[in-house]
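Protein sequence lines correspond, in order, to chains A and B.
Under the working numbering, the first residue of the first sequence is numbered 1, with each subsequent residue one higher.
Under the working numbering, the first residue of the second sequence is numbered 1001, with each subsequent residue one higher.
Treat the hints loosely; a few may be bogus.
As the list claims (entries may be wrong) - In silico negatives: residues of chain A with every beta carbon more than 10 Å from chain B:
(1) Leu45
(2) Leu117
(3) Ser154
(4) Thr173
(5) Val278
(6) Lys283
As the list claims (entries may be wrong) - Below 16 Å or equal to it, Euclidean Cα-Cα: the simulated EDC-like pairs (lysine to aspartate or glutamate) are:
(7) B:Lys1240 <-> B:Glu1137
(8) B:Lys1240 <-> B:Glu1250
(9) B:Lys1182 <-> B:Asp1169
(10) B:Lys1189 <-> B:Glu1137
(11) A:Lys283 <-> B:Asp1207
(12) A:Lys283 <-> B:Glu1250
(13) A:Lys283 <-> A:Glu130
(14) A:Lys283 <-> B:Asp1095
Treat the hints as calculated values from the structure; they're not laboratory data.
Beta carbons: idealized from backbone N, C-alpha and C, even for Gly.
Letter by letter, the chains look like this.
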Amino acid sequence: MSLHPSAAASTAGASIDSAGATRGIAWREWLGQPGVVSLLTIAVLLLVWQTVTSLRLIEPLFLPPPAAVWAKFLSVSTTGFVDASLWQHTAASLTRVAIALLLAVLFAVPLGLWIGLSPTARGVFDPLIEFYRPVPPLAYLPLIVIWFGIGELSKVLLILLAIFAPVVIATATGVRNTDATRLRAAQSFGATRWQLLRFVVLPSALPEILTGLRVGLGVGWSTLVAAELVAATRGLGFMVQSAAQFLNTDIVLLGIFVIAIIAFGLELGLRALQRRFVPWQGKA
Amino acid sequence: MIEVKNLSVAYAAREKRSAGVSPVVIDGLSLSVPPGALVALLGPSGCGKSSLLNVIAGFVEPSAGTAAVSGRVIHGPGADRGVVFQDDALLPWLDVIGNVSFPLVLRGVQAAEREATARRFLELVGLKGFERRSIWELSGGMRQRVGIARALAADPEVLLMDEPFGALDALTRERMQELLLKVWRATGKTIVVVTHGVEEATFLATDLVVLSRRPARIVHHLKLHFGTRHADGEPARAIKSLPEFVAVREQVLASVFTQDEVEHA
């Protein structure tokens, strides 16, 4: 080991300072940031889209130019499409997902806690959840419609089922991963079973629960179009579906963009929530 | 006081264990410790010193014999025995003062009283001003201080420490030894420390217990006074350099070494 760190540092500094290299490194650093690369990718894609449509390489019926989609965005925002504005469609979809999410928190989290704590509950519910989880929502949608009709209940239920499994599984995993010495510590202070659950197990599982909600919300949001296929009069999925029937490709594209942007926003929101409520994640 | 009588601990046959290692960890061990003692449990690794501590903590049920604190036979963990763990076992979702007041929350103590108690013990372990810090911002030594303050806040009769300074660097370790003696003197608690450090054990203990290899029995039970002398004001380094201290340390080291050689013969 060198006893003269200052000497070593100055040599290293000299090599970086050598003229043009500095500018090269700064440029590469700027380009190396993930955000910059992502923005560039989007810009390139938009440019390709614009070029392909201006050169009429693809019929506007199949791929309308960006400007047309933007114009549709403005008109659907104000005058609306199929008796409802873009915001009303969006609000209808978000309300369904929000109700499903709320129900998932109310039922899936306690069930996950139970499964994580009790081997019996695990034995009972694990096969049930693993049975329906890999089935695509569209496959059991007809059954839900037969049982629960074509109203709001069926739509919310379909989204709820999609959110349910990841939340239950994540919660149960979180519970089982509770640090054994932390439980022992609480026991040595005389904690009751209920206190162990409330003060040690639940906070320990919180990071996993939030991850489960994040995954579940992603799956639930992507089930939306399927849920709104049946007898909906509002919703982003319904909007895309009915626009497709009239070959309104610009509205289809618009709908897809709005669905994607909202999904991205939800993901960012839940990540922020995770940072806010479990700042210790990965640190302790 | 702690009274261990004819204690045996054996792992159940179904628990996995390496071939050739006896399932009997402790075999007919008896130990009596007066109140206010500072006991250091020393022995070759895997000898069962942690098992002995876990029996006293109530985490492990003995297969025969009893362990008792102040005449009450131990069955399961209880608030009369506080435990400090090697990997601190703090709750990262609570800040420093939240962790120290945690045992009082479990007991339903009022917020104002909780805070006053927690602040008192944080000051004792030298963490005044760190009340609102997050656990993950603290160094290993500071975390152990929080762990000690938390165990003390529960006001146990006995403080049990399982290799509390094992993961700390040498300098921090020496500081923590001095801190432990300060806490011991200030609170008058009976303390049991499991340790690998021969010098640490010799320095701290009023009762130094050397255990044999598995199944554990007591090889030596030495009554020492170096920790008491430090608590009375003698500097730690001066004590550790005394010919008398070095002689005891070497004697203890030799007896642990012998046990370890039997193990590996």
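Confirm or reject the statement that Ser154 of chain A sits farther than 10 Å, beta carbon to beta carbon, from all of chain B.
Given that every Cβ of chain B is farther than 10 Å from that of Ser154 of chain A, nearest at about 39 Å, it holds.
So if I understand the rule, the pair passes when the alpha-carbon distance is 16 Å or less; does Lys1189 of chain B with Glu1137 of chain B pass?
Roughly 29 Å between the alpha carbons, so the hint for Lys1189 of chain B and Glu1137 of chain B is violated.
What's the verdict on Lys283 of chain A and Glu1250 of chain B, does the C-alpha distance respect the 16 Å limit or exceed it?
Violated. Lys283 of chain A to Glu1250 of chain B sits at ~41 Å, over the 16 Å cutoff.
Against the 16 Å threshold, does the CA-CA distance of Lys1240 of chain B and Glu1137 of chain B hold or violate the hint?
violated, 33 Å
According to the definition I'm using, a residue is off the interface if its beta carbon is farther than 10 Å from all beta carbons of the partner; does Thr173 of chain A meet that for chain B?
holds, 18 Å
Is it true that the CA of Lys1182 of chain B sits at most 16 Å from the CA of Asp1169 of chain B?
Violated, because 20 Å separates the two Cα atoms, which is more than 16 Å.
Is the Cβ of Lys283 of chain A farther than 10 Å from every Cβ of chain B?
Lys283 of chain A is in fact no farther than 10 Å from some Cβ atom of chain B, at 4 Å.
Looking at Val278 of chain A again, its CB stays over 10 Å from all of chain B?
violated, 7 Å
Between Lys283 of chain A and Asp1207 of chain B, is the straight-line Cα distance small enough, at 16 Å or below?
Violated, at about 38 Å.
Are Lys1240 of chain B and Glu1250 of chain B close enough, with their CA atoms no more than 16 Å apart?
holds, 12 Å
Lys283 of chain A and Asp1095 of chain B: Cα distance at most 16 Å?
The given pair, whose Cα atoms are some 14 Å apart, holds under the 16 Å limit.
Mind checking the alpha carbons of Lys283 of chain A and Glu130 of chain A for me, to see if they're no more than 16 Å apart?
violated, 32 Å
Comparing the model with each numbered hint stated earlier shows that hints 5, 6, 7, 9, 10, 11, 12, 13 do not hold.
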